[in-house]
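These are the residues of each chain, in order.
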Amino acid sequence: MTYAEFVAALEETVEAPVGSLVATQKLEDLDTWDSVSMVNFLALADEKWGLHLAPHQLTSCATVDDLFQLTQKG
Amino acid sequence: MNAAIRAVDYVLPQEVLTTNDLAAKYPDWNVPKIDEQTGIHERHIAGPEECASDLGAAAAEKLFSSGICQRESIDYLLVCTQTPDYFLPTTACLLQDRLGLPRSTGALDFNLGSSGYVYGLGLAQGLIASGQATSLLLITADTYSKIIHPADRSVRTIFGDAATVTWITAESSEQPSLGPFVYGTDGRGGQDLILRRGGFRNNRSADRAPEEHDSSGNIRSADHLYMNGLEIFSFVVRVAPRLVKDTLAKAGLSLEDIDLVIFHQANRMMLEHLRKSLRIPPEKVSIALAHCGNTATSSIPIALCEALRENRVRPGSKVLLAGFGGGSSWAGTVLRWTQPVTGVG
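Residue numbers (this note's numbering), protein chains in the order written: chain A, 1 to 74; chain B, 1001 to 1345.
Be a bit skeptical, because a hint or two may be false.
[Said to hold, decoys possible] 30 Å max Cα-Cα, derived BS3-like pairs, lysine-lysine:
no.	chain 1	residue 1	chain 2	residue 2
1	B	K1033	A	K26
2	B	K1025	B	K1146
3	B	K1276	B	K1250
4	A	K48	B	K1146
5	B	K1318	B	K1062
6	A	K48	B	K1284
7	B	K1062	A	K48
8	A	K48	B	K1025
9	B	K1276	B	K1245
10	B	K1062	B	K1033
11	B	K1025	B	K1062
12	A	K26	A	K73
13	B	K1318	B	K1284
14	B	K1033	B	K1318
15	B	K1250	B	K1033
16	B	K1284	B	K1146
17	B	K1245	B	K1318
18	B	K1284	B	K1250
19	A	K73	A	K48
20	A	K73	B	K1276
21	A	K73	B	K1245
Note that these hints are calculated values from the structure, not bench results.
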């Protein structure tokens, strides 16, 4: 998966406008990064990339890039 | 002898809490999104004086009044509830008296959430196969609304109150109608769906526990139900597909042999996720929660009842049941429907 593909999927999950998320974006500053979108992200990772992420891995991410790196570790 | 389900039915309390009601009361909740995500439009809420035994009695009386089951024939009563009227006596004992069941009836409660119905079927199969019972009622009943803080979006939007009744009798067929059964438990998940006070670890005192605001803006105290949705979702994603595969393997069946899959009706998004990850076609998965929400132990029998009404389950149908929830606890089985559908519901 490329970074662009990841960001496009994340933007859809958090209902952010296309092209609005940058790697340094802090997740805590995103209004739509809440418990519901975290669940959606877990589902996305499982469905799209076959990744079974643990909740603590997700909650330890601070930025969009942290999330991307998490999906790269597999 | 083997156990076979003869009838299944359910009742919902009268009071309805709609998504529009929640939107009007909590304008800062993103209710349309919640509605879309959960697939739940209405939850039924027990009245102030309405408890699990009241809902359970109403479900059983509905069955008796249909004329297909006589109360005098019942020799065992199983009640699955996590919100009993009392710690003691046993809800099943209260219901034996209230329903006018014979005094020779065996009666017990068991405490499980969304895996409880499959466990109940497993207990019924064991009681009947060992000759301890011949005509058994399995009642599921819960009133989670009584332990939900009104301002806790994470659970108030999801759960509804309900009760179901299933009549199970001994049959002499070679092949069991129920089973095999697959069970699983991981007590590490106990903290992810919990009522912290009210038992004897943390007794409920005259003082209310202090209210806390979580990072999502939900309000609750130790006197209220807490659900860690993220951990629960992660648990289900980890366990439920394996549960389905193990149940099929134990039954010597493949998904193609199954006519309908009934998962615990947690929420629409989770059901869709499981359906996709197991590559089950939409017509083979039951979704029956828009009118009642997540009813915990009652959710599988409600979905089964609706599937019977819609003629999606017919004599000869094979139905895979998969329950998973608080504990953490999970259970799966295959049900071979043998009865004519008339008289159900």
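Hint check:
Taking the CA atoms of K1033/B and K26/A, the gap is about 23 Å. The hint holds against a cut of 30 Å. For the hint pairing K1025/B with K1146/B, the CA-to-CA distance comes to about 19 Å; that is within 30 Å, so the pair holds. Under the criterion of a C-alpha separation no larger than 30 Å, the hint pairing K1276/B with K1250/B is consistent with the structure, at around 22 Å. Between the alpha carbons of K48/A and K1146/B the distance comes to roughly 39 Å, so the proposed pair goes past 30 Å and is violated.
The suggested pairing of K1318/B with K1062/B holds, with an alpha-carbon distance near 26 Å, which does not exceed 30 Å. A distance of roughly 22 Å separates the Cα atoms of K48/A and K1284/B; the hinted pair therefore holds under the 30 Å criterion. Annotation: proposed proximity of K1062/B to K48/A is violated, straight-line Cα distance about 46 Å (limit 30 Å). Restraint check for K48/A and K1025/B: the C-alpha separation of about 37 Å exceeds 30 Å, so the hint is violated.
Distance hint between K1276/B and K1245/B is fulfilled; the C-alpha atoms sit about 14 Å from each other, no more than 30 Å. Under the criterion of a C-alpha separation no larger than 30 Å, the hint pairing K1062/B with K1033/B is inconsistent with the structure, at around 36 Å. Taking the CA atoms of K1025/B and K1062/B, the gap is about 34 Å. The hint is violated against a cut of 30 Å. Of the pairs offered as hints, the one joining K26/A and K73/A holds, with about 20 Å between alpha carbons and a cut-off of 30 Å not exceeded.
Distance restraint check for K1318/B and K1284/B: the Cα-Cα separation of roughly 11 Å lies within the 30 Å cut-off, and the hinted pair is therefore satisfied. Proposed proximity of K1033/B and K1318/B is contradicted: the alpha carbons are some 35 Å apart, above 30 Å. At roughly 39 Å between alpha-carbon atoms, K1250/B and K1033/B are farther apart than 30 Å, so this suggested pair is violated. Distance restraint check for K1284/B and K1146/B: the Cα-Cα separation of roughly 34 Å exceeds the 30 Å cut-off, and the hinted pair is therefore not satisfied.
For a cut-off of 30 Å, the pair hint linking K1245/B to K1318/B stands: about 15 Å separates their Cα positions. Only pairs whose Cα atoms come within 30 Å are accepted, and K1284/B paired with K1250/B is accepted, the gap being roughly 20 Å. Proximity of K73/A to K48/A is assessed by CA-CA distance (about 15 Å); at most 30 Å being required, the pair is judged to hold. This hinted pair checks out: K73/A and K1276/B have alpha carbons roughly 24 Å apart, not beyond 30 Å.
Restraint check for K73/A and K1245/B: the C-alpha separation of about 27 Å stays at or below 30 Å, so the hint holds.
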